[in-house]
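Student: Here is how the chains run, residue by residue.
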Amino acid sequence: MSLAEWFQWLEQTPASTAIAESIWLFPLLEGSHILALPLSVGMIVIFDLHLLGLTLTGSRAATVMTEMLRWAKLGFAVMFITGGLLLMCHAGRAYGNPFFRAKMIFLLILGINAVVYQVVFVPKMPQWAAGRTPAGARVCAVLSLIVWVGVIVCGRTMAYQF
Amino acid sequence: MSVIEFIRDSQYGMPIVQSVHLVGLTLLLAVVFVLNLRLADVALKNVSLEFLVQQLRRWLFVGLAVVVLSGLLIFIGTPAKYLASNPFRVKMAVLGLAMLFQYGMLRRFAAPDAMPRSRAARLIVAALSLTLWFTVGWAGRAIAFIP
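If you read the sequences in order, they're chains A and B. Numbering-wise, our numbering puts 55 at position 55 of the first sequence, and it's gapless, one number per residue. Numbering-wise, our numbering puts 11 at position 11 of the second sequence, and it's gapless, one number per residue.
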C-alpha cells in the first residue's frame, strides 16, 4: 500500500469517522491542540529567547533548559496525541495539502535542530558563564524561533482548507 | 482593497491574522504559565517570583499586544458576528477578569516587600489565574462552534 493509499484508508477507519462526526470530540481535540501551544512551543520560545540573551539574564542556560523542557514534554505529549487523532480524521485530505506537507517538513527541521543542539551544545552547557551563549547555539535558537512560527502558520492555514 | 477587506475576503487574509493571534497566544500564555507555576512552587524554584516578573514582563506585554492587535483585526471585519456571539462575550468578560486578577496577584505576591504567603494560598491563586486565562482560550475556540 502506498503512503497516499494508507492516508486514505486512515481517514475511513471507523474511529476516524466517529471523531470527525462527533459534535463535541472534534472541537475538544482541536481546542486542546491549540491550547497546548504555550506549554510546548511556548516553553521552547522562552528558552530560545534566553539563549539569545533576551530574558532570564543572569540565570544559567542549563538550569533554564531543564526547567522549561520538563513542562514542554508534557505539552508535546498533548500535541502529539491530539495532533495524531486530528490527522486521522483528515488524513486523505491532509496528504496532498501543501500546508500540511510544509508543517511536517518544518517539524522534521526542528527535530534535527534539537538533536544537533543536544549533541553539540548540551554537554558543554554547564560550563557556560551566565549569559554567554556560543554563536552556534544562538543560530539554533533563531532557527527554532523562525521555524516554530512557520509550524503555527501552516497548522492554522491547513485547517481552513479541510 | 483595504486591510479590513483583505483580511475578511481574501483566501489567506484570515488564516494569516489567525496565525499571528496564535503566535501571540503562545508567548503570552507561556509567560503566564511560568509565572503561575513559580507562584505555585513547582517551577524555577532557584529564582524568585520577583526576578521572573522583572525578566518576563516585557514578553508578557509583547504577547498581549500581539493577541489584542490581531484580535482587533479579526473583529473589525465582521463586528456584528462577534457582538452576537455568546462565546465571544464570555471571552471578553473573562479576559478582563484574567488581566485584573493577574495584575492584582503580581502586585501582591511579587512586590519586593510582599509578605510571605502560605503554600495553599499560592496554589489556589495560581490555579485560579490559569483557569481564567484558559477559559479565555476555550471561549475563543468556542466562537467557531457555538452561536
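Any given hint could be a false lead.
[To be verified] In silico lysine-lysine, BS3-like type, Cα no more than 27 angstroms apart, as pairs:
(1) Lys73/A <-> Lys124/A
(2) Lys124/A <-> Lys45/B
(3) Lys73/A <-> Lys81/B
[What the hints assert, rightly or not] To be clear about the criterion: a stretch of chain A counts as covered by chain B if any three or more of its residues have a C-beta under 8 angstroms from a C-beta of chain B, and this derived list gives those stretches:
(4) 23–34
(5) 38–48
(6) 146–154
[Said to hold, decoys possible] Some chain A residues well away from chain B (every beta-carbon gap over 10 angstroms; in silico):
(7) Ile109
(8) Lys124
(9) Thr157
Derived from the structure by calculation, the hints contain no laboratory data. Note that CB positions come from ideal geometry on N, CA and C, so glycine has one too.
Student: Each hint should be assessed against the structure and marked as holding or not.
Tutor: Tested hints:
Using a Cα cut-off of 27 angstroms, the hinted pair Lys73/A and Lys124/A holds, with the two alpha carbons roughly 22 angstroms apart. Distance check on the hinted pair: Lys124/A and Lys45/B sit about 23 angstroms apart at the alpha-carbon level, within 27 angstroms; holds. As the CA atoms of Lys73/A and Lys81/B are separated by approximately 38 angstroms, the hinted pair breaks the 27 angstroms bound. Residues of the stretch 23–34 of chain A lying with their CB closer than 8 angstroms to a CB of chain B number 4, which satisfies the three-residue condition for coverage.
Given a C-beta distance limit of less than 8 angstroms, the hint that chain B covers the stretch 38–48 of chain A holds, as 7 residues qualify and 3 suffice. Check result for the stretch 146–154 of chain A against chain B: holds, 3 residues qualifying (beta carbon to beta carbon below 8 angstroms, three or more required). Listed as outside the interface, Ile109/A is consistent with that label: its C-beta sits roughly 18 angstroms from the nearest C-beta of chain B, beyond the 10 angstroms cut-off. Chain B leaves Lys124/A outside its interface by the beta-carbon criterion, the shortest separation being 21 angstroms against a cut-off of 10 angstroms.
Distance check on Thr157/A: its Cβ comes as close as 4 angstroms (rounded) to a Cβ of chain B, failing to clear the 10 angstroms threshold; non-interface status is violated.
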